[in-house]
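S.K.: The primary structure of each chain is shown beneath.
Number of protein chains: 2
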Amino acid sequence: MPITLYDLAGAEPERRFSPFCWRIKMALAHKGLAVETIPWRFTEKDRLPQPNQGRVPVIVDNGTVVHDSTAIADYLEAQYPDRPSLFGGAVGRALTSFVQNWTETVLHPGLIEFAVLDIWRHAAAQDQPYFRQSREERFGKTLEEVCNGRETRLPAFRASLAPLRRTVERQQFLGGAAPLYVDYIVFGAFQWVRAISDFEVLAADDPVSAWRSRMLDLFGGFARRHPAYGD
Amino acid sequence: MPITLYDLAGAEPERRFSPFCWRIKMALAHKGLAVETIPWRFTEKDRLPQPNQGRVPVIVDNGTVVHDSTAIADYLEAQYPDRPSLFGGAVGRALTSFVQNWTETVLHPGLIEFAVLDIWRHAAAQDQPYFRQSREERFGKTLEEVCNGRETRLPAFRASLAPLRRTVERQQFLGGAAPLYVDYIVFGAFQWVRAISDFEVLAADDPVSAWRSRMLDLFGGFARRHPAYGD
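As given, the protein sequences belong to chains A and B, one line each in that order.
Quick note: the first sequence uses my numbering, first residue 1, plus one each step.
Quick note: the second sequence uses my numbering, first residue 1, plus one each step.
These are calculated hints, taken from the structure and not from any lab test.
Quick reminder that beta carbons are idealized off the backbone N, C-alpha and C, glycines included.
One or more hints might be untrue.
[To be verified] Which residues of chain B face chain A? A partial, calculated answer using Cβ under 10 Å:
1. 10
2. 11
3. 95
4. 103
[To be verified] Pair by pair, the computed Cβ-Cβ distance ranges are:
5. A/78 with B/145: 50 to 58 Å
6. B/74 with A/81: 48 to 56 Å
7. A/170 with B/204: 34 to 42 Å
8. A/139 with B/64: 38 to 46 Å
9. A/200 with B/45: 28 to 36 Å
10. A/151 with B/140: 55 to 63 Å
11. B/141 with A/84: 49 to 57 Å
12. A/170 with B/80: 45 to 53 Å
13. A/32 with B/221: 26 to 34 Å
14. B/12 with A/137: 25 to 33 Å
15. A/54 with B/140: 50 to 58 Å
16. B/153 with A/138: 20 to 28 Å
Please work from the sequences and hints to get the whole structure.
M.R.: Right, dumping it as structure tokens:
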């Protein structure tokens, strides 16, 4: 029986843009586990299986409900130890935390200021008022104001990628010669923006762009096949 | 026969402040390897054994000369596989690169602007002209200008530590329950500044400060015993 994944969708049901759901979709592919995704919208909190925190990803695996991407990754690693490892052991798991924390304190905050208006544009009609109101409260300004002049912020954003850039120009993946969950964490952020925005955040000759392309190639071009902008 | 380590020293021979040498001193302690350090000054390039790049750390181990902290760590791991691992395996080695790149592109550049004048003050008299000239060329301004108003940069610097802070408030060490070379990389940066500056870069209640204190406690308070400022 495939695992069920509640996966954030836009107005088009196949446009999936949650960075946290992308982590899990890549992790499931890494483990070779079959998945059936259910498109879910921000305002469909009542449709999620219990327990949950009103957010996706949520998975159901043989009746077991797990929510929160980190908890799901740990669950998959523990539940399917004979499948390819997501972390490469305890040290890999510990160091993945640092990269995750970098992703969530540097990469996500940088990207959201490029893409939040494009997320709103691609959101389902029923989600748009909720999304606009909750994000405008968080930012203390309109979505238009957040994204205004985003081109001018590109150099600082690209500079902030230095730790990632320097790593993936010297090794194929963050996990080394092969990708691991840590790669999916960082990739999820780029795929989030790529799914809903034609604003290219990476220069074509950036080693990060080459790494992202390697990620898009994984699992037979799995992520590349999904509705998105860019190559 | 103990390993010989050429270790950057200030005017006081026991004041050792190279972040890269601290990585290796902690790594040698981690492996339980005996070491004899030779105080070395920036301008003593002719005193280093061959081959070298005019910088420390350089080690001599049974006649084998290894230079560059990363090459030395890899050498120690390969040469002493039965001693406690510095990386915890190939994945740990790969992920250590990301944290090292973060350290060298975020942490070091942030810290040097607090401490470069204090380094000059503590440098050996013979090193001071070289140090001032080479660093003023690099910065395009005087050391005094670099450090001017450093208090005003503290909030941005402390904000830049978010990935480290969030990690070490949830686990004892970057490596997990026990420290690994990745911890020594980051610790080396803080110990660098601590060795030569009374300017406290961390708030007392910062989880990073608690982690630094755990690092200072390692190996019977090894790093804490060396000439430095602060607790």
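S.K.: Would you pick out the hints that fail for this structure and give their numbers low to high?
M.R.: 1, 2, 6, 8, 9, 10, 12, 13, 14
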